Amino acid sequence: MTDPDVLVVDGQSLSCADIVRFAGGDVLVVIAPEAMAQVHRVHETARAVSAARPVYGRTTGVGANRDAVVGTGDAETHDLRLLLSHAAGVGEVLDDAVVRAAMLVRLNQLAAAGSGIHPRMVRGLHDALRAGALPTVHDAGSIGTGDLSALAEIGLTLAGHLPWARGHLDPVDLAPGDALAFLSSSAVTLARAALVADELGRLLGAAHTVAALSYCALGGSAEAFAEQVHARRPHAGAMRAAARMRRLLWHEGDLSPGRRIQDPFGLRAFPQVHGPALDGVEHLHRVLEIEVNAAAENPLVDARTGAVFHHGQFSTAYPALSLDNLRAAVHHVAELSAARLGDLVEPDFTGLTPFLASGPAGSSGIMILEYVAHDALGRLRHSAGPVTLGTSVISRGVEDHASFTPHSARSTAAAAAGYRTVLACELVAAVRALRLADTAPRGELLAAVYADLVEALPDVRTDHPLGAEIRLASELVDGLAAV
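In our numbering, the protein residues as written are 1 to 483.
Check before you lean on any hint, since a few could be wrong.
[Unchecked claim] Computed Cβ-Cβ distance ranges for the label pairs, DEER-style:
#	residue 1	residue 2	range
1	V90	A440	51 to 61 Å
2	D173	S85	17 to 27 Å
3	E455	A243	26 to 36 Å
4	G24	A51	39 to 49 Å
5	P234	R53	46 to 56 Å
6	G89	A68	20 to 30 Å
7	T353	A17	38 to 48 Å
8	L445	A140	45 to 55 Å
9	G91	I261	48 to 58 Å
10	P234	A88	45 to 55 Å
11	E282	S85	39 to 49 Å
12	V393	G89	18 to 28 Å
In case anyone wonders, no lab produced these hints; they're calculated from the structure. Note that the structure is predicted; figures quoted are calculated from it, not measured. Each residue gets a CB set at the ideal place from its N, CA and C atoms; glycine is no exception.
All chains should be modelled from the sequences, with the hints used to inform the complete structure.
And the structure:
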């Protein structure tokens with residue numbers, strides 16, 4: 001980023017944070033001149049090589065049609081047929097943020113200059129983003145070897161063969177080889193993964209604050225976060241989690257023991273369980289930032305040597321496995337959140353009424369929060385299963401492996417939704433417990449956060465529907481990430 005309102009696309013430096021910010025709107029995209037010059041050079045190289053030797057997708061068909069020879073001057077037939085035949089147009093319509101993010105990722109990959117695509121396609125995609133023009137993109141037809149159907153819809157819209165869902169752009173003429181050069185990417189999946197990685201990063205950051213409030217309500221022991229403990233098994237994420245909890249809870253130097261000789265796992269093992277999820281988000285960011293800045297199109301056109309390389313860079317095993325790992329880690333984190341919620345409704349841990357109830361005997365208080373949280377946890381558990389254990393054999397047997405990364409990204413979005421609900425239920429319970437005990441956190445930082453939450457969350461202690469509070473808490477957790 002060179003300016004608060006401008007994003008320079010150069011094929012080398014796009015970050016996950018850039019993708020998230022652009023997806024939200026009000027960011028102007030500019031292509032770096034040197035990147036555009038390289039796109040021109042690689043396109044000329046692709047034209048020259050295609051005149052001298054077979055090049056997959058340019059002088060041949062694709063998939064099992066790889067040996068079928070096509071003309072090099074009939075883009076209006078071969079390339080258009082390729083786009084038309086790959087645009088399945090089924091499944092849910094992707095929301096605007098994902099489409100914007102996907103178009104940005106694809107623009108940046110094309111700016112990395114390895115596809116040989118005609119520069120006017122790059123400029124057309126760039127112009128669409130600057131004009132706010134968005135195509136209709138359906139979410140079906142991808143198995144981890146390229147988002148062929150979704151990108152075909154974007155390509156056809158750019159070429160004027162599908163209507164724009166929002167805005168307008170004059171049609172861009174296809175040049176020979178443009179279709180495969182545009183399709184050969186997993187930009188939609190990578191965009192979705194970047195957005196959900198950002199959401200999970202925020203939720204995991206907020207979880208420190210929510211857990212710290214639960215610790216205060218439950219009288220947790222500081223020993224679980226001691227620097228001496230974590231220095232003896234220095235996993236990076238666990239050390240960060242413990243340090244953050246120390247800053248939140250005991251940054252004034254109060255390391256007095258809690259109410260028990262040692263706490264339940266939901267309190268005591270927080271750093272050890274939370275750490276792998278923090279590490280998982282960091283690893284996913286690193287993987288995605290390699291992917292979105294990659295010239296991974298098959299074939300790769302190298303202007304420096306004048307060579308064309310046919311390869312398997314379409315495989316997205318790295319992001320698929322990273323997403324699978326992160327979901328499993330988040331499930332463990334959510335289990336501990338649900339466990340702390342269970343502790344908060346137990347008088348033996350809080351010294352308060354069962355279910356933090358107020359009113360006549362038998363009042364249910366926040367009993368239903370456990371049901372809501374465990375329903376969300378069950379959904380999360382279902383989405384946390386690995387999707388990379390399956391494979392497929394398609395295109396008459398020549399494409400015999402798939403990572404199913406799109407499915408992993410969808411499952412991760414579902415996992416984030418489940419975790420958000422679990423965390424919101426814990427937040428409602430922790431604030432209620434502190435209110436009933438009439439005890440605010442002692443640490444200056446956490447006390448200020450608690451004061452803001454008391455202002456935001458209603459204080460209704462008699463039995464009442466809790467849905468509005470859960471929904472409000474699910475929105476408030478995003479703001480706790482930066483505490």
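Hints versus structure:
1. A hinted range of 51 to 61 Å for the beta carbons of V90 and A440 is consistent with their spacing of about 54 Å.
2. The hint said 17 to 27 Å for the Cβ distance between D173 and S85, and at roughly 19 Å that hint holds.
3. In this structure, E455 and A243 meet the distance hint of 26 to 36 Å, their C-beta atoms being roughly 28 Å apart.
4. At about 45 Å, the beta-carbon gap between G24 and A51 stays in the expected band of 39 to 49 Å.
5. The hinted range of 46 to 56 Å is satisfied by P234 and R53, whose Cβ atoms lie roughly 54 Å apart.
6. Checked against the hint of 20 to 30 Å, the C-beta distance between G89 and A68 comes to roughly 25 Å, which is consistent with it.
7. For the hinted restraint 38 to 48 Å between T353 and A17, the CB-CB distance of approximately 45 Å keeps it satisfied.
8. Look at L445 against A140: about 46 Å separates their beta carbons, and that is inside 45 to 55 Å.
9. Between G91 and I261 the CB atoms are about 55 Å apart, so this pair conforms to the stated range of 48 to 58 Å.
10. For the pair P234 and A88, the beta carbons lie near 49 Å from each other, so the given range of 45 to 55 Å is met.
11. Here the CB-CB span from E282 to S85 is close to 40 Å, well matched to the stated 39 to 49 Å.
12. With their beta carbons about 24 Å apart, V393 and G89 fall inside the hinted range of 18 to 28 Å.
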